[in-house]
Amino acid sequence: MTEIRTPRLLLRRWHDDDLVPMADINADPRAMRWVDDGAVRDLDHTAEAIERWEEEWDEEGFGLFAVELLASGELGGFTGLYVPEFLPEVGPAVAISWRLGSQFWGQGYASEAAQATLEFALQDRGLDRVISISRAGDTASENVIRKLGMVLERETTHPVYGFPLRVHAIDLTEYQA
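Sequential numbering of the sequence shown, starting at 1, is according to UniProt numbering.
Be aware that one or more of the hints could be misleading.
Said to hold, decoys possible - Each pair of labels, with its calculated beta carbon distance range:
no. : residue 1 : residue 2 : range
1   : H45       : D138      : 15 to 23 Å
2   : E54       : P88       : 19 to 27 Å
3   : V40       : G149      : 27 to 35 Å
4   : E51       : D171      : 30 to 38 Å
5   : H158      : P7        : 29 to 37 Å
6   : D16       : L172      : 32 to 40 Å
7   : P88       : G149      : 23 to 31 Å
8   : V40       : G137      : 13 to 21 Å
9   : D17       : P88       : 20 to 28 Å
10  : A136      : H45       : 30 to 38 Å
11  : D24       : E3        : 19 to 27 Å
12  : L69       : P159      : 29 to 37 Å
13  : L172      : V83       : 16 to 24 Å
By construction, these hints were calculated from the structure, which means they are not laboratory data.
Even for Gly, the Cβ is constructed at its ideal location relative to N, Cα and C.
Could you put the whole structure together from the sequences, leaning on the hints where they help?
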């Protein structure tokens, strides 16, 4: 079982008792504002998503980690790696992503989890390059992306929803652990 410990977080595979707290995050309009069309998701959708994330772990050797706060044991959300099939123009690629509950924003958890995930991708999984895809205007995600050392590679449009996207990238030669 793959786990990563940071000073404040445990990045781990998903447990059954993660479903309700992750569904609560997905039901929060603030947490979902920059995701797809911004619609909130229910318990059933969250259960299906977690199942897909776990399948990706089994198929790809990477996926989205559950982010657990070490101090409290609470589920903070997720961070991890995925194949961005919705945006074929960037392929083949592996992207880093994160979503935390709004009560955990502004405390550096997203940057801490994303940095550990990027290190996992480049050093443990041997990827040569990792991208991040964000919606234009999502300044909180742009701040995390900048802290990761990623640089803007292209601007494009979401193929389904039509809003502007920004694709950032970093490769192994640019990465400094």
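Comparing the hints with the structure gives:
no.	hint	result
1	H45 x D138: 15 to 23 Å	21 Å, holds
2	E54 x P88: 19 to 27 Å	24 Å, holds
3	V40 x G149: 27 to 35 Å	32 Å, holds
4	E51 x D171: 30 to 38 Å	32 Å, holds
5	H158 x P7: 29 to 37 Å	35 Å, holds
6	D16 x L172: 32 to 40 Å	36 Å, holds
7	P88 x G149: 23 to 31 Å	26 Å, holds
8	V40 x G137: 13 to 21 Å	19 Å, holds
9	D17 x P88: 20 to 28 Å	36 Å, violated
10	A136 x H45: 30 to 38 Å	25 Å, violated
11	D24 x E3: 19 to 27 Å	23 Å, holds
12	L69 x P159: 29 to 37 Å	35 Å, holds
13	L172 x V83: 16 to 24 Å	18 Å, holds
Checked against the numbered hints given earlier, the structure breaks hints 9, 10 and satisfies all the rest.
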